[in-house]
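Participant: Listed in order, the protein sequences are those of chains Y, F, E and B. Position 65 of the first sequence, counted from 1, bears residue number 65 in the UniProt record's numbering, the numbering being contiguous throughout. Position 319 of the second sequence, counted from 1, bears residue number 319 in the UniProt record's numbering, the numbering being contiguous throughout. Position 299 of the third sequence, counted from 1, bears residue number 299 in the UniProt record's numbering, the numbering being contiguous throughout. Position 303 of the fourth sequence, counted from 1, bears residue number 303 in the UniProt record's numbering, the numbering being contiguous throughout.
Read the hints as simulated data drawn from the structure, not as lab findings. Ideal Cβ positions, reconstructed from N, Cα and C, are used throughout, including at glycine. Watch out, some of these pointers could steer you wrong.
Capping the alpha-carbon separation at 30 Å, the derived lysine-lysine pairs in DSS-like fashion look like this [as the list claims (entries may be wrong)]:
#1 357(B) x 385(E)
#2 306(B) x 357(E)
#3 386(F) x 361(Y)
#4 224(E) x 201(B)
#5 386(E) x 238(B)
#6 361(E) x 386(B)
#7 306(B) x 383(E)
#8 366(F) x 304(Y)
#9 357(Y) x 383(F)
#10 224(E) x 5(F)
#11 288(B) x 357(E)
#12 304(E) x 321(E)
#13 75(E) x 5(Y)
#14 366(E) x 385(B)
#15 321(B) x 361(E)
#16 386(B) x 304(B)
#17 385(F) x 117(F)
Cβ-to-Cβ under 7 Å is the rule here; a few derived chain B residues that face chain Y [unchecked claim]:
#18 8
#19 9
#20 30
#21 32
#22 48
#23 49
#24 51
#25 110
#26 112
#27 113
#28 114
#29 172
#30 194
#31 276
#32 299
#33 300
Cβ-Cβ distance ranges computed for the label pairs, FRET-style [unchecked claim]:
#34 260(F) x 244(E): 36 to 46 Å
#35 370(B) x 124(F): 54 to 64 Å
#36 200(E) x 370(B): 29 to 39 Å
#37 379(B) x 14(F): 52 to 62 Å
#38 363(Y) x 365(E): 55 to 65 Å
#39 78(F) x 27(B): 31 to 41 Å
#40 370(B) x 20(F): 31 to 41 Å
Protein chains: 4
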Amino acid sequence: MAFHKIINDPVYGFITIDDELVFNIIAHPYYQRLRRIQQMAMAHLVYPGAVHTRLHHSLGAYHLMCLALQELTRKGIDITPAEQQAAKIAILLHDVGHGPYSHALEQVLAEGVHHEKISLLIIEALNQKFDGKLQMALEIFTGAYPKKYLHQLVSGQLDVDRMDYLTRDSFFSGVVEGYVAYDRILKMITVHNGELMVEEKGIYSIEKFLIARRLMYRQVYLHKTVVSAEQMLQRIIKRAKFVAAACAQPLNSFINEPLQNITLDQFCSIDDADVMMAIKTWCSHSDKVLALLSNGIMNRNLLKVKYSATPADEAFVKRTKLAVMQHYELNEADANWLVFEGNASISTYDFDDNPIKILYKNGEVKDIAQVDDALINESLRGKSKKYYICYIGL
Amino acid sequence: MAFHKIINDPVYGFITIDDELVFNIIAHPYYQRLRRIQQMAMAHLVYPGAVHTRLHHSLGAYHLMCLALQELTRKGIDITPAEQQAAKIAILLHDVGHGPYSHALEQVLAEGVHHEKISLLIIEALNQKFDGKLQMALEIFTGAYPKKYLHQLVSGQLDVDRMDYLTRDSFFSGVVEGYVAYDRILKMITVHNGELMVEEKGIYSIEKFLIARRLMYRQVYLHKTVVSAEQMLQRIIKRAKFVAAACAQPLNSFINEPLQNITLDQFCSIDDADVMMAIKTWCSHSDKVLALLSNGIMNRNLLKVKYSATPADEAFVKRTKLAVMQHYELNEADANWLVFEGNASISTYDFDDNPIKILYKNGEVKDIAQVDDALINESLRGKSKKYYICYIGL
Amino acid sequence: MAFHKIINDPVYGFITIDDELVFNIIAHPYYQRLRRIQQMAMAHLVYPGAVHTRLHHSLGAYHLMCLALQELTRKGIDITPAEQQAAKIAILLHDVGHGPYSHALEQVLAEGVHHEKISLLIIEALNQKFDGKLQMALEIFTGAYPKKYLHQLVSGQLDVDRMDYLTRDSFFSGVVEGYVAYDRILKMITVHNGELMVEEKGIYSIEKFLIARRLMYRQVYLHKTVVSAEQMLQRIIKRAKFVAAACAQPLNSFINEPLQNITLDQFCSIDDADVMMAIKTWCSHSDKVLALLSNGIMNRNLLKVKYSATPADEAFVKRTKLAVMQHYELNEADANWLVFEGNASISTYDFDDNPIKILYKNGEVKDIAQVDDALINESLRGKSKKYYICYIGL
Amino acid sequence: MAFHKIINDPVYGFITIDDELVFNIIAHPYYQRLRRIQQMAMAHLVYPGAVHTRLHHSLGAYHLMCLALQELTRKGIDITPAEQQAAKIAILLHDVGHGPYSHALEQVLAEGVHHEKISLLIIEALNQKFDGKLQMALEIFTGAYPKKYLHQLVSGQLDVDRMDYLTRDSFFSGVVEGYVAYDRILKMITVHNGELMVEEKGIYSIEKFLIARRLMYRQVYLHKTVVSAEQMLQRIIKRAKFVAAACAQPLNSFINEPLQNITLDQFCSIDDADVMMAIKTWCSHSDKVLALLSNGIMNRNLLKVKYSATPADEAFVKRTKLAVMQHYELNEADANWLVFEGNASISTYDFDDNPIKILYKNGEVKDIAQVDDALINESLRGKSKKYYICYIGL
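Required output: the full structure, derived from the provided sequences and hints.
Facilitator: Printed below as a string of structure tokens:
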């Protein structure tokens, strides 16, 4: 009897691991670390169920990749067993380079280094440890592998990454409207001219998929309280760097040393707990700004946020800043850490890059935005930008 | 302890009846008849689970009305107990005038009489039987009652009727993408200037609601096989009238007598079973067309359908018709019953009538199609029309 | 690309038909007839969602058979493609012999002939029509095929028939407690010594399965209102025979002719609608008993029922019968149709026949009722019998 | 408009907070700390979705308490608004005394002090902060309040705590068989003679509830891998105390100081992250046992476990211990930390303490274990004990 492990998943029922190499990669400490990194960072402050991990998401995306490959194979697309294994490994590891609180801290903990870059470094390291068996996965991950559609399944406007995170984030947050009919979509995909496409009858499911994504961004990922908490998290780390606040190793190196001093092993040894513990320590730090922000996150005493369609009213910002300076006895530079503006934008569909293509029965191919009676049409082009102001309560 | 009955519902869990008048209306034969009328007519030929009844849908809509009234009351809208009872009764009975196979046969069994007209007649009849206690329900049903929003809950672009049928039809057909977040929407409704509106934060839920409806129409209600079966059903009745085919009473009167001879009691005594039994009888009728169509429906041997964005190719229609005439030995007039064209159209949103209004926190009111970055915008105006041709296989 | 059809199912998501013979059997009128026979007869009078059909249940059981065969094959059990096809066809057709309202009328419409007998006749007829291709399915159905476990999957204490009907009936009735973890159980089955067994780690799932069944019988199938309605249905047919009440053909033959005159084709042409239409006709029959019962069913005006642990109090029965005789002006013989006693019994587990066997890792085999700390143990032996009295209200 | 907050919950849909005092208690840091304590400790190593928090469970139990009080009130039980508020607060805070990894570390972090004792201390502290407004909640929590059933709802064999944790743990772990029909059960509860009881028709739901609990214990809470991980966690802390291993404050005090030195504030400042960070530090500790266990937990490299119905085979234990001593170069005393025996036991129902009482329609009261044909009967009396041996792999 072949290798066979089953994992219970509240979202998909069961996830099956029937490849020993895949199993061994999952067992590796680099991968297990993802257990300690929450998928949705601070979103649980609004949606208390949203505490699932990057490990869980990666396993889910892996499961959807299995379903996708099975369907394409059934449709006669020739994908070798080695390619199938490689595509599964590529998706399994696509997020392995995420650091603590993933996106929320990506820009501040390893400034200027995108998590995909680190994922790549880790996959390369694992490739060495596993005697080059991850070589093809590496190529699929970077897009170098000739069968382009395998990379598109890992990363594109209709990849299994998005399909899983929307499904999973919607499930755990309880925002059922974010539900994505992943099973139906995965029965509608096909390959044409070497590219991933969707069969004609899948048009409405794709529309729904894009609308679900649109809703999740607006209602969950960019929920004003979530934005506030994640802004606070970023500012805590930035302020800690600014005032050279100490914390336990190895996180301390990320705060107080230049990035080039840090090794991959050090990176792989930090997770959400390191940041959380540092913040706990900083709750009683002598720097007032750091202490205010740290206590705020710990006790869910968050900065207030106002969204608007236009940049914030300057008079209001000025007035608020003055009040904060007085109330907390801060100079203006410090008050700027506690009263600040920003903006967020999200497009429903990227009209220019890597379009979702529909394959008609008659062989015609159309961009989803160009089908008859398209819901996703040019009228939506342009990122939708929203402005916000965050400020501490008095 | 007050009157209290609980009904198990796979969709909502439990439906509570805590009003004796409502209970007595449910117990009345006119209402119980709805048990024998399927909500989705022939859709079960494609979606085998879609066999739920008009009675079940009406109970569901009643349940959502209870939730809506509860939320509005909580928000301080003054709705008297009598008005609440009346609104509940109005929605409970909104479909009571549906005949066998409801929409599918509406135009042919009682030609020229809309089911809402018959619902009104039945509500009036019940009002007499219940000593005038349904008077206010009648007024809400017709829109005569001053509090316009009560009628809007019964009938409008965001009424509890649509909310239930989308939710329920999606549930029973297994087309999960048609899911509507009725619970969230019902927490977002409010009344402003006497009209039903949706709070600002409900915008994305409303968008999703409209998209879900769009999808259900395209994927389910107008599924080509469903259209074929329902066209066949209509043509069976029309052909039966045409050839004066007999069947059991009282359905026979509907076939072979002028409409004005038919009483309300006769109308209320026919249901899906009468039509089904008549069709069984006609399977061996001497009229070839009637027999072909009847056998087709009974054994799920349906006419073929082709959809297209433009009217059907005349050459194809002609060619097909000739082949059918030859194969089945029919003249052209008869072949026209088995080879015919039609069209179906569905708008995502009605831009002109009874718009869905959004109430902003600052008191502003906007049509959902006019909000910033609207998904439902002018680019979708105009019904989307699709053409089809139906024809019998050879 | 191989033959491949997908059917939406609210219970399992998608059911796949990837065998053309299976597809052709489904398309046959004998099978399509099951669309017109409700799975749960009169249970919808209590659980309005419980209107699903025998066709839907058969498709569901077929789906579970596919999963079961897939799992056994994965575990190295050698099952040939022909055997797999045969087992799928056997389960698909296991209920094809059900008549109108299935179990509820089984004893009265074709007295003395069990539905499995008729299923067998129909499978034989289909075997002829399909050139003997159903021969192996026939053998599996009857238990004649050497691989006993294939028959056990079709019919046994842990067959896919039960697994589907519990799951499906629970789903449509909304009694979520009847939920059965069919997916987990199907991952735990295996074959040992030619018999179907359950792996050790599946013990608790099996316990839950038996308890779910226990609950469904007590709460749903033997719900007092359901029992009342089904008793009424039986008595309507019996009374119709007794008074030789006429109705439309072919049902009329079942009522007014000896069983041996009836052909298989006649049997296959009646369904729920025939019975429902006959009952409608009898609502105004001159026989008072028949008319009372018929109106009761049509308008959900049901006989009252009292359950008790012991046979009904004779004094109460006598008193009630007298009151009914007076009120409805009936003689005692006729009153006996409207006031009567009965009993129902259901065992949680059949200790003697076809036990569910657990296969331990060490190779040991135990009856589920004999495992350590068994929930299902000898203390439950013996059918649990409940007595009821049904009587018409005054 | 009254105070009104809504929280999205994937399990129940929405949880409503409509009481400002309740809201303020939730906002308190003592309560917010529960966000950082996982409900199921190490179970996520087997069930990756099981990462929900004590805060989420407490909110869920609060929600069920609201439903329970609403139902009892509807049934005419007189519960004052003050009592309702108090019962809600009591359940909200019932777990507030849990420390890091709750049950798993309860016995080692604060030896000899049960978490309910600490909950009580915290409720008293909060009572002071909130000017005595939690006095009645305190009395309900301790059982001192005269209306005994309010305490039974908080703590008993059928309390809302169990109902929520079974429902929630089943949901997040994906072990759907643990599902509890909380909504049906909560419609069946009543109060009789001052005690909480279940109406007769709820018997089967209660049986299912007990069986679901039985299954969750056997399949999840006492899953051998979960037991292994939790044993390792306990041994890490014990070993850290034994070798006086240092870690960051304030956890360090718990390890290296007598319990009486620790304040409530110190207790309330530690959570899962403190333990996780300490374990990370100890991964490179000079004590080999501590380092082995710490690395094991971090990288999911767990001790092996064997369950058996009888105490472990002594020869096997001895042989294993010797092998471990040799392989890891340890003396016997140290090897005992890595090879050890234990047992776990769980009764399906507690026959002696606080029975679940059924109230029959005729006024009779029976213990659920004494009803006719009881599934939960004397044959199950006695805890079911299972023995295990844990040992490190070589």
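Participant: Each hint should be assessed against the structure and marked as holding or not.
Facilitator: Quick rundown of the hints versus the structure:
Restraint check for residue 357(B) and residue 385(E): satisfied, since their Cα atoms lie roughly 23 Å apart, inside the 30 Å limit. Only pairs whose Cα atoms come within 30 Å are accepted, and residue 306(B) paired with residue 357(E) is accepted, the gap being roughly 23 Å. For the hint pairing residue 386(F) with residue 361(Y), the CA-to-CA distance comes to about 17 Å; that is within 30 Å, so the pair holds. Taking the CA atoms of residue 224(E) and residue 201(B), the gap is about 12 Å. The hint holds against a cut of 30 Å.
Of the supplied pair hints, the one linking residue 386(E) and residue 238(B) is violated, its CA atoms being roughly 57 Å apart against a limit of 30 Å. Distance hint between residue 361(E) and residue 386(B) is fulfilled; the C-alpha atoms sit about 17 Å from each other, no more than 30 Å. For a cut-off of 30 Å, the pair hint linking residue 306(B) to residue 383(E) is broken: about 38 Å separates their Cα positions. Only pairs whose Cα atoms come within 30 Å are accepted, and residue 366(F) paired with residue 304(Y) is accepted, the gap being roughly 26 Å.
As the CA atoms of residue 357(Y) and residue 383(F) are separated by approximately 25 Å, the hinted pair is consistent with the 30 Å bound. Only pairs whose Cα atoms come within 30 Å are accepted, and residue 224(E) paired with residue 5(F) is accepted, the gap being roughly 16 Å. Only pairs whose Cα atoms come within 30 Å are accepted, and residue 288(B) paired with residue 357(E) is rejected, the gap being roughly 46 Å. For the hint linking residue 304(E) to residue 321(E), the alpha-carbon distance of about 13 Å falls within 30 Å, and the restraint holds.
For the proposed pair residue 75(E) and residue 5(Y), the alpha carbon gap of about 13 Å is at most 30 Å, so the pair holds. Pair hint residue 366(E) plus residue 385(B) holds up; C-alpha atoms about 20 Å apart against a cutoff of 30 Å. Distance restraint check for residue 321(B) and residue 361(E): the Cα-Cα separation of roughly 25 Å lies within the 30 Å cut-off, and the hinted pair is therefore satisfied. A distance of roughly 16 Å separates the Cα atoms of residue 386(B) and residue 304(B); the hinted pair therefore holds under the 30 Å criterion.
For the suggested pair residue 385(F) and residue 117(F), the alpha carbons sit about 27 Å apart, so the restraint of at most 30 Å is met. The interface hint given for residue 8(B) is met, as the beta carbon of that residue sits about 4 Å from the closest beta carbon of chain Y, less than 7 Å. Hint on residue 9(B) holds. Least Cβ distance to chain Y is approximately 5 Å, under the 7 Å limit. For residue 30(B), the interface hint is violated, the least distance from its beta-carbon to any beta-carbon of chain Y being 10 Å, above 7 Å.
Restraint check, residue 32(B) versus chain Y: the minimum CB separation of about 5 Å is within 7 Å; hint holds. The closest approach between the C-beta of residue 48(B) and any C-beta of chain Y is roughly 5 Å, which is under the 7 Å cut-off, so the hint is satisfied. Because the closest C-beta pair between residue 49(B) and chain Y is about 5 Å apart, less than 7 Å, the hint holds. Checking residue 51(B) against chain Y: minimum C-beta separation of about 5 Å stays under 7 Å; hint holds.
A hinted interface residue such as residue 110(B) counts as satisfied when its beta carbon comes closer than 7 Å to some beta carbon of chain Y; here the least separation is about 19 Å, so the hint is violated. About 27 Å separates the beta-carbon of residue 112(B) from the nearest beta-carbon of chain Y, more than 7 Å, and the hint is not met. With a least beta-carbon distance of about 23 Å to chain Y, the hint placing residue 113(B) at the interface is violated under the 7 Å criterion. Hint status for residue 114(B) relative to chain Y: violated, with the closest Cβ pair at about 26 Å, above 7 Å.
Taking 7 Å as the C-beta contact cut-off toward chain Y, the hint placing residue 172(B) at the interface holds, the least distance being around 6 Å. Given the 7 Å rule on beta carbons, the hint for residue 194(B) is violated: about 35 Å separates it from the nearest Cβ of chain Y. Because the smallest distance between the Cβ of residue 276(B) and any Cβ of chain Y comes to about 4 Å, under 7 Å, the interface hint for this residue holds. Hint status for residue 299(B): holds, given a least beta-carbon distance of 4 Å to chain Y, under 7 Å.
Because the smallest distance between the Cβ of residue 300(B) and any Cβ of chain Y comes to about 5 Å, under 7 Å, the interface hint for this residue holds. Distance hint check for residue 260(F) and residue 244(E): the Cβ-Cβ separation is about 38 Å, which falls inside the suggested range of 36 to 46 Å. For residue 370(B) paired with residue 124(F), a C-beta distance near 56 Å keeps the hint of 54 to 64 Å intact. Checked against the hint of 29 to 39 Å, the C-beta distance between residue 200(E) and residue 370(B) comes to roughly 32 Å, which is consistent with it.
At roughly 34 Å, the beta-carbon separation of residue 379(B) and residue 14(F) lies outside the given 52 to 62 Å, and the hint is violated. Hint check: residue 363(Y) to residue 365(E), Cβ distance near 58 Å, so the stated range 55 to 65 Å holds. Between residue 78(F) and residue 27(B) the beta carbons are some 32 Å apart, a value that agrees with the proposed interval 31 to 41 Å. For the pair residue 370(B) and residue 20(F), the beta carbons lie near 37 Å from each other, so the given range of 31 to 41 Å is met.
The structure shown violates the earlier hints numbered 5, 7, 11, 20, 25, 26, 27, 28, 30, 37.
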